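**Q** Below are the chains, spelled out letter by letter.
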Amino acid sequence: MARAVSKRTKVLNTTVAGALGFLLFFPILWIIILSFKTEEDAIRAPLEVLFDSGWTMDSFSAVQARSDYLKHFTNSVIISVGSTLLGLLIAIPAAWSMAFVPSKQTKNILMWMLSTKMLPPVGVLVPIYLLFRDFNLLDTRIGLTIVLTLINLPIIVWMLYTYFKEIPSEILEAARMDGAALREEIIYVLTPMAIPGMASTALLNIILAWNEAFWTINLTAANAAPLTAFITSYSSPEGLFYAKLSAASIMAIAPILIMGWFSQNQLVRGLTFGAVK
Amino acid sequence: MGDKRLSTKASQSTARLMLSPAVLLLLGWMLVPLCMTVYFSFLYYNLLQPGSGSFAGWDNYYWFITDPSFKDAIYNTLMLVGGVLVITTIGGLGMAILLDKPMFGQGLIRIMAIAPFFVMPTVSALVWKNMFMNPVNGIFGRIVTGLGFPPIDFFGQYPLASIIFIVSWMWLPFATLILLTALQSLDQEQMEAAEMDGANWSNRFFFIMLPHLARSITVVILIQTIFLLSIFAEILVTTNGGPGTATTNLTYLIYVSSLLQFDVGMGSAGGVIAIILANIVAIFLMRMIGKNLDA
Numbered sequence: 001m002a003r004a005v006s007k008r009t010k011v012l013n014t015t016v017a018g019a020l021g022f023l024l025f026f027p028i029l030w031i032i033i034l035s036f037k038t039e040e041d042a043i044r045a046p047l048e049v050l051f052d053s054g055w056t057m058d059s060f061s062a063v064q065a066r067s068d069y070l071k072h073f074t075n076s077v078i079i080s081v082g083s084t085l086l087g088l089l090i091a092i093p094a095a096w097s098m099a100f101v102p103s104k105q106t107k108n109i110l111m112w113m114l115s116t117k118m119l120p121p122v123g124v125l126v127p128i129y130l131l132f133r134d135f136n137l138l139d140t141r142i143g144l145t146i147v148l149t150l151i152n153l154p155i156i157v158w159m160l161y162t163y164f165k166e167i168p169s170e171i172l173e174a175a176r177m178d179g180a181a182l183r184e185e186i187i188y189v190l191t192p193m194a195i196p197g198m199a200s201t202a203l204l205n206i207i208l209a210w211n212e213a214f215w216t217i218n219l220t221a222a223n224a225a226p227l228t229a230f231i232t233s234y235s236s237p238e239g240l241f242y243a244k245l246s247a248a249s250i251m252a253i254a255p256i257l258i259m260g261w262f263s264q265n266q267l268v269r270g271l272t273f274g275a276v277k
Numbered sequence: 001m002g003d004k005r006l007s008t009k010a011s012q013s014t015a016r017l018m019l020s021p022a023v024l025l026l027l028g029w030m031l032v033p034l035c036m037t038v039y040f041s042f043l044y045y046n047l048l049q050p051g052s053g054s055f056a057g058w059d060n061y062y063w064f065i066t067d068p069s070f071k072d073a074i075y076n077t078l079m080l081v082g083g084v085l086v087i088t089t090i091g092g093l094g095m096a097i098l099l100d101k102p103m104f105g106q107g108l109i110r111i112m113a114i115a116p117f118f119v120m121p122t123v124s125a126l127v128w129k130n131m132f133m134n135p136v137n138g139i140f141g142r143i144v145t146g147l148g149f150p151p152i153d154f155f156g157q158y159p160l161a162s163i164i165f166i167v168s169w170m171w172l173p174f175a176t177l178i179l180l181t182a183l184q185s186l187d188q189e190q191m192e193a194a195e196m197d198g199a200n201w202s203n204r205f206f207f208i209m210l211p212h213l214a215r216s217i218t219v220v221i222l223i224q225t226i227f228l229l230s231i232f233a234e235i236l237v238t239t240n241g242g243p244g245t246a247t248t249n250l251t252y253l254i255y256v257s258s259l260l261q262f263d264v265g266m267g268s269a270g271g272v273i274a275i276i277l278a279n280i281v282a283i284f285l286m287r288m289i290g291k292n293l294d295a
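Heads up: the protein sequence lines correspond to chains S and C, in order. The first sequence: position 271 = 271 (the working numbering), numbered continuously. The second sequence: position 75 = 75 (the working numbering), numbered continuously.
Hints listed in this document are in silico derivations from the structure and should not be mistaken for laboratory results. Values in this document were obtained by computation on a predicted structure and should not be read as measured data. A virtual CB, placed ideally from N, CA and C, is assigned to each residue, including glycine. No incorrect hints appear here.
Far from chain C by the CB rule (all over 10 Å, computed), these chain S residues:
1. Q64
2. S67
3. D139
4. T140
5. M177
6. D178
7. T191
Per label pair, the in silico range of CB-to-CB distance:
8. C/F205 x S/M111: 32 to 40 Å
9. S/K104 x C/Q261: 42 to 50 Å
10. S/T38 x C/Q157: 26 to 34 Å
11. C/S20 x S/A62: 46 to 54 Å
12. S/D68 x C/S185: 42 to 50 Å
13. S/E39 x C/N200: 53 to 61 Å
14. S/R133 x C/W63: 23 to 31 Å
Working from the sequences, and respecting the hints, build out all of it.
**A** This is how it looks when you write it as structure tokens:
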């Protein structure tokens with residue numbers, strides 16, 4: 001039932017919420033603007049930047065020239081997409097079996113998986129670092145992909161589980177009555193219904209992996225560093241080159257901002273382990 | 001049907017087979033490093049001193065806890081977690097209530113408000129540090145001097161507050177989004193009935209809205225606490241834990257002793273302490289989520 005609201009109230013709500021939303025978004029907007037300015041313009045007063053300076057794409061090429069930016073961008077893509085695919089590969093069978101063939105242990109297994117996510121990363125920093133050193137995995141994309149797969153695996157299993165749970169079992173029973181074998185049941189009945197949930201899970205996981213900033217920083221150096229770790233090289237004094245910092249930043253966050261746009265509703269389910277839907 | 005769903009003997013064993021890779025991998029991921037951390041924490045073990053590795057008893061724990069920087073780190077961790085929780089929970093509640101009202105362009109305003117969540121921690125921290133909190137060229141710096149005040153070196157004078165501010169900006173969208181989702185499941189007719197019965201806004205807020213949101217607020221607080229205990233990148237790129245130990249939290253302290261001072265024993269002892277602290281929070285969170293599974 002929609003409530004009749006006066007137009008004035010609506011305008012007032014829009015103004016207040018719009019102003020707050022704009023303030024929260026402003027830093028992102030600002031780096032978008034500064035990334036198209038020259039260094040000299042970027043450090044001028046904000047109003048001069050806006051109304052009294054030209055636009056240029058130079059910062060983007062400067063960032064690429066300074067240190068192979070695209071390599072780190074590629075690292076981010078490979079590590080986040082790779083860990084997501086690997087995670088799905090392991091999690092889909094697990095979530096499927098718990099959702100459709102639950103046993104007495106299912107709840108305990110789910111809770112235990114969740115508990116591994118509660119382990120603070122710094123608590124196992126030393127052993128992981130030493131294991132990586134001994135197995136020559138430090139600063140490799142494969143090593144980082146493995147770690148990110150494992151830290152996000154509980155979230156993937158949980159999210160998929162909550163989605164699979166929503167598929168009514170009556171449909172599966174009907175398929176079975178019609179003589180479908182388990183394999184056919186999975187391919188023709190379950191998969192089409194499960195694809196939206198799997199897509200949201202993948203999207204959220206790519207976002208989480210892309211922005212992960214503890215293991216990526218501690219386990220990589222020049223070679224395998226994804227953007228999270230690469231951006232730290234701008235901490236100082238390069239951070240004072242606003243235009244270059246902005247250009248490097250905007251390229252690092254743009255793909256995720258766009259994905260986030262699409263996944264904002266699934267985000268809640270994924271990050272609260274189904275506790276808030 | 002319901003509970004049993006597809007259980008037959010054959011499918012039970014297939015199910016176990018399908019579950020085992022995930023379980024075994026997570027078991028390994030949890031147990032191997034955990035046991036190593038506990039083991040190392042009882043050794044004199046420094047990577048710079050080859051041949052070290054004799055049994056240390058509780059020495060590492062003793063030295064880690066009695067070090068003055070441990071007290072600072074605990075204080076900073078509590079301030080950081082507490083400060084961000086207060087700001088994001090109250091701010092998120094306000095934003096959620098606001099965004100739930102009828103307005104024009106709701107979708108656009110909502111995406112603007114939650115966008116900070118998608119910005120990677122290192123970018124957030126660097127952008128705020130350089131482009132806003134720089135005393136001379138930063139926007140905040142310009143506002144301060146423009147108003148005639150002496151320039152403020154935010155990270156020198158108010159280091160912890162500055163980091164709390166940045167982290168709050170990153171986590172406010174999370175609280176907003178979850179509370180907004182919860183708010184949208186609130187029965188509007190109940191609110192309207194209360195309004196017609198003459199309940200004013202604060203009555204409706206305290207007696208209908210808050211009780212409805214209580215669970216979600218708890219979830220927000222617990223999940224954020226888990227993540228906030230592990231804040232690392234924001235500190236690394238802004239202050240490196242300084243000045244002195246002013247912004248060193250427990251995570252950062254352990255990082256310093258293990259990867260910068262190469263003291264594996266000491267770092268591991270710190271790691272065990274961090275795990276124990278996180279588990280205290282985790283127990284409460286797990287209980288809440290577990291209840292939801294039965295429902």
